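Asker: Now for the letters of each chain:
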Amino acid sequence: MAPDTGLAFLSYVVLWPVFMIVSSTFRWNLQDLRLSDQAIPGHFTWFHWIRVLASDTSYALFYHPVFHSICVGAATSLLSMVIGCGLAWLVTRTDMPLKRTITFLAVIPYLLPAWVLSQAWLMFFKNEKIGGVPGFIQSIFHISPPDWLSYGFVPIVLTLSLHDCVYFFLIVGAALSTINPQLEEAASLAGARRFTILRRIVLPVVLPSILSAVILVFTKALSSYGVPQLLGTPVDYQMIATMLYSSMRSRMTSEASVLSILLLLISVAAIAFYFRALGKRRSFVTVSGKSAGGSAQALGRWRNPAAVVVLLLMAAMAVLPLLVLLAQTFLLKEGAPIGPQNFTLHYWIGGSDPDINSGEPGILKNPIFLLALKNSLKIAGISSILAAAGGLLLGYVTVRSKRSWLGRLIDNVSFFPYLIPGISLSAMYITMFAKPVLYLPALYGTLSLLVLITVVKELPFTVKAGGAAIMQLGEELEEAAVVGGASWLTSFRRILLPLTRKSFVSLFLLVFIGAMKEMELIIILVTPRTETLTTLTFFYAERNYTQLMNVMLMIIIAIVLIVYALSVKLGKADLTQGIGGQ
Amino acid sequence: MRSNWKTIGSLLSSTMLAVTLSACGSGNNGGSEGAAAVQSSAAGEASTSPVLTTTAPAATVSASPVDALYEQAKKEGKVIVYSTSGRANDAAKTFMKQYPGIQVEVSKVKSDQMMDKVAREQDAGQFNPDVLVTKEVSGAVDFEMVKQGRYLKYLPEDIAPHEDEPFRTQAESVAGYAEFRTLWYNSDHYDKPPVTNWWDLTTPEWKGKVYTADPVGDPSFMNLFSTFAVHADDMAAAYKMKFGKDIELHGTENAGYEFIKQLLDNQLVTLDGSTDVLDAIGKKDSDALAIAVTGEVADLKEEGWHAKPIYDLKPKTSVVDAGYFFLAKNAPHEAAAKLFIRWMLGEADGQGAGIEPFNEVGSWVPRDDVKTKNEIAFDQLNLWNYDGEALYKIEPKVRDFWIKNK
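Those protein sequence lines, which keep their order, are chains A and B. Numbering-wise, UniProt numbering puts 283 at position 283 of the first sequence, and it's gapless, one number per residue. Numbering-wise, UniProt numbering puts 378 at position 378 of the second sequence, and it's gapless, one number per residue.
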């Protein structure tokens, strides 16, 4: 196979859709006949760009929403950095008790769909503005929370931060755990204070990981849709992504395309900023091949209080919503008081009963469930392994490539999939893969396409996190291996892979979770044969079968937790331990 | 080191390919199956006319059109349905009991995504679905799909005489059911509808007390507001009826836009969807009003909503929102598709069980020989017809107006 095939393939799956989107914004299409009498489908026009950027609608359509998006993006990355890095530091660098439990719990908010967290917020903080059953604050304290606390910017940022801080936790945690404590000890012996050690030794070493996570969380927040839709609508807090979906749903496709290109440009600017912040020193070698043992930072009298506070926060953020959802699956009638007359296992194991949900049987009795389960496991399993391996490889290229333009190119290009709305990307994939292309058979209608699009959509994360992991490794190790006669592949497999094991497992895990939850990306690509757990969940959600939907969520979360536990155990990738494990 | 990235690239792509192709091998039949289907339907009936009323395929000679279709459909073995509504799943269950040997596979897709999916599939030469169940999206379904010959109207000859207008001859296709969006009130708080005219909502009494699903995020709600602008004359007349004087426009184009502006100025509250809106007024005692779709009536008990829709408002209660049935262009299982559409329409006599999911409270079947479960018959409802052509043109303008004034 020609050596450039790989890049050609990447270009096809990533750059081609972007090119298609960009070029569509400069042409009239069939739909535009509704917008202008001058529209001639297929001909060149500036119309769409002028409409978005310089018309009397531009402020409402673009400038105001983009201001909101950037504020939310910046605040969310800042807040999740504080939470994620703080937690990561506590579990990797200190002697806090119950580290493993806390590490395990830290992933749970990410397992819940973000809208569950938003609804939990509303349950507590909603005020009279949106009617219905009052929030807990209102009914208990008889104080009406102000609108700014209940809806819009504040809750959007809080929910997104709780949901996405796991990126900081895992990526930065993996980096932190590679630092040899002797570095800190040496500094401490030399008389440095704890804060100085943090600032002068720990921070520079984990800076690439932090910046990677900043970029990821920033762009994720920028393109988030479900949370702002739920929490922003009551106070009309529009963001670019909500506008974009509105354009798409109202068949204003070119307008949606212009908006997504603008989102893309903002992120490219953010990445340029990232490179500037990293400066010339792009490599921060911390692993020299020697196992890092030694003692952790002693928290002294803060040891137990820290653990208690963290555990309580975790319980409120993760365990409580989970238990509420679980309890709801056993309620015959949603919202009715809990008691024996309202308790049922119907939604788990019941047969078809015409009085409940138009005869929809319990999940475990539904024949589609088994097919969906198999499909989901296949898609998530295969794509997360591929994505993790691919991420490390491409991350390697971005870090090590001697031609730095190539590294930057891949770094930038790999980001595009985050910013093309999942729906547009998957719609384009129908066209691209409905017919055989080059040596590829027609993939549309097969699970392969769902795997492919999942891997592509996660590229931004995997490449960034993979690169951050590689950056910590000294080049000498590979060079030594190559000098010793090992092929590049052998040195990758025998040296790089073991040393980046934690990052690999983190990558695998986050992609796996993402794939198990993925909905928007695959909804128009699925055919009845490629039904997945999430499409089934979506079906229940649309029909308002709350309990069945919650059972599905529980099953998805259970699967992820099992895979999580297994991968940590089998991959020997306990975050709380230094490289090499103890 | 120099050429390592090349090795990596090819390594990556070859593993990706190898794994995707081998691990999911079972799915690969899709391509060839699709191709075969294209051929067979191209060889068969390649009608480009948007109206198909043929019933019996020439191959089989049989007593009734249904028997003939069934014979043919059994050979096809299955029927693929893309549907915006879960009602199609319910109809599929009874269909498979009635016509064993034919498997119904329903994919749930939103109406706008269905358009993209089907158009792209067809352009690539893949003809996957047989039957489409969809709502309109501001006239786009008609303009982008029906007029382009992608969705085909199918009204069996023996059912046609019973189908109500406009769905028999005027509308883009046969409607399996029709709903509409209207005002709802809390049935514990009020014992009769507290308003009779849409303009009531612009008075101080209703300030901050009207909820709607956000039309910016949901075009089916925008359709209602656009219809006010389309029928501005009706809105002006209703204004005069309410206030006893001619309407005065405050920088707006007509009475429809003026109504939207005054409604927004009166602090209309937008929420995420129909369910949220009914939660807002129906979960506990409330003096507020909500705009939601009538189809939710069927869920009142299950959701615990104490709410009722208003079925008579001036100038008109609402605009019809029909659930259309279409045959897909080059449907690979055409006979089974026709059989399934017949089933959902209730067969020749309107008695078939397939009609039941559509004939519900809050949802009307537009057939003259089918008894509705609602207190009011469909033709007694005071509704605007769905003017797709006008809506398609005006909706971007109304949406702009909305986001600028909100």
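Honestly, the hints are just simulated from the structure, not real lab data. Keep in mind that the hints are not guaranteed to be accurate.
[As the list claims (entries may be wrong)] Computed list of lysine-lysine pairs in DSS-like fashion (alpha-carbon distance at most 25 Å, straight line):
id, chain 1, residue 1, chain 2, residue 2
1, B, 147, B, 308
2, B, 301, B, 207
3, A, 365, B, 97
4, B, 393, B, 406
5, A, 129, B, 261
6, B, 308, A, 333
7, B, 74, B, 110
8, B, 283, B, 209
9, A, 129, B, 404
10, B, 192, B, 78
11, A, 333, B, 261
12, B, 93, A, 374
13, A, 129, B, 207
14, B, 209, B, 261
15, B, 261, B, 397
16, B, 75, B, 209
17, A, 435, B, 78
18, A, 129, B, 209
19, A, 333, B, 74
20, B, 284, B, 192
21, A, 129, B, 284
22, B, 373, A, 129
23, B, 93, A, 129
24, A, 517, B, 110
25, B, 301, A, 333
26, B, 404, A, 365
27, A, 365, B, 78
28, B, 397, A, 435
29, B, 308, A, 374
30, A, 374, A, 517
31, B, 207, B, 110
32, B, 301, B, 373
33, A, 333, A, 378
34, B, 78, B, 93
35, B, 406, A, 129
Please read these numbers as outputs of a predicted model, since none were measured by experiment.
Asker: Give a verdict on every hint.
Answerer: Hint check results:
no.: 1; hint: B:147 <-> B:308; in the structure: violated, 38 Å
no.: 2; hint: B:301 <-> B:207; in the structure: violated, 29 Å
no.: 3; hint: A:365 <-> B:97; in the structure: holds, 19 Å
no.: 4; hint: B:393 <-> B:406; in the structure: holds, 21 Å
no.: 5; hint: A:129 <-> B:261; in the structure: holds, 20 Å
no.: 6; hint: B:308 <-> A:333; in the structure: holds, 21 Å
no.: 7; hint: B:74 <-> B:110; in the structure: violated, 29 Å
no.: 8; hint: B:283 <-> B:209; in the structure: holds, 15 Å
no.: 9; hint: A:129 <-> B:404; in the structure: holds, 22 Å
no.: 10; hint: B:192 <-> B:78; in the structure: violated, 49 Å
no.: 11; hint: A:333 <-> B:261; in the structure: violated, 41 Å
no.: 12; hint: B:93 <-> A:374; in the structure: holds, 23 Å
no.: 13; hint: A:129 <-> B:207; in the structure: holds, 12 Å
no.: 14; hint: B:209 <-> B:261; in the structure: holds, 16 Å
no.: 15; hint: B:261 <-> B:397; in the structure: holds, 14 Å
no.: 16; hint: B:75 <-> B:209; in the structure: violated, 58 Å
no.: 17; hint: A:435 <-> B:78; in the structure: holds, 23 Å
no.: 18; hint: A:129 <-> B:209; in the structure: holds, 9 Å
no.: 19; hint: A:333 <-> B:74; in the structure: violated, 41 Å
no.: 20; hint: B:284 <-> B:192; in the structure: holds, 17 Å
no.: 21; hint: A:129 <-> B:284; in the structure: holds, 14 Å
no.: 22; hint: B:373 <-> A:129; in the structure: violated, 35 Å
no.: 23; hint: B:93 <-> A:129; in the structure: violated, 42 Å
no.: 24; hint: A:517 <-> B:110; in the structure: holds, 19 Å
no.: 25; hint: B:301 <-> A:333; in the structure: holds, 10 Å
no.: 26; hint: B:404 <-> A:365; in the structure: violated, 50 Å
no.: 27; hint: A:365 <-> B:78; in the structure: holds, 23 Å
no.: 28; hint: B:397 <-> A:435; in the structure: violated, 38 Å
no.: 29; hint: B:308 <-> A:374; in the structure: violated, 43 Å
no.: 30; hint: A:374 <-> A:517; in the structure: holds, 15 Å
no.: 31; hint: B:207 <-> B:110; in the structure: violated, 33 Å
no.: 32; hint: B:301 <-> B:373; in the structure: holds, 16 Å
no.: 33; hint: A:333 <-> A:378; in the structure: violated, 34 Å
no.: 34; hint: B:78 <-> B:93; in the structure: holds, 13 Å
no.: 35; hint: B:406 <-> A:129; in the structure: holds, 16 Å
Figure legend: structure checked against the earlier numbered hints; hints not met, in rising order: 1, 2, 7, 10, 11, 16, 19, 22, 23, 26, 28, 29, 31 and 33.
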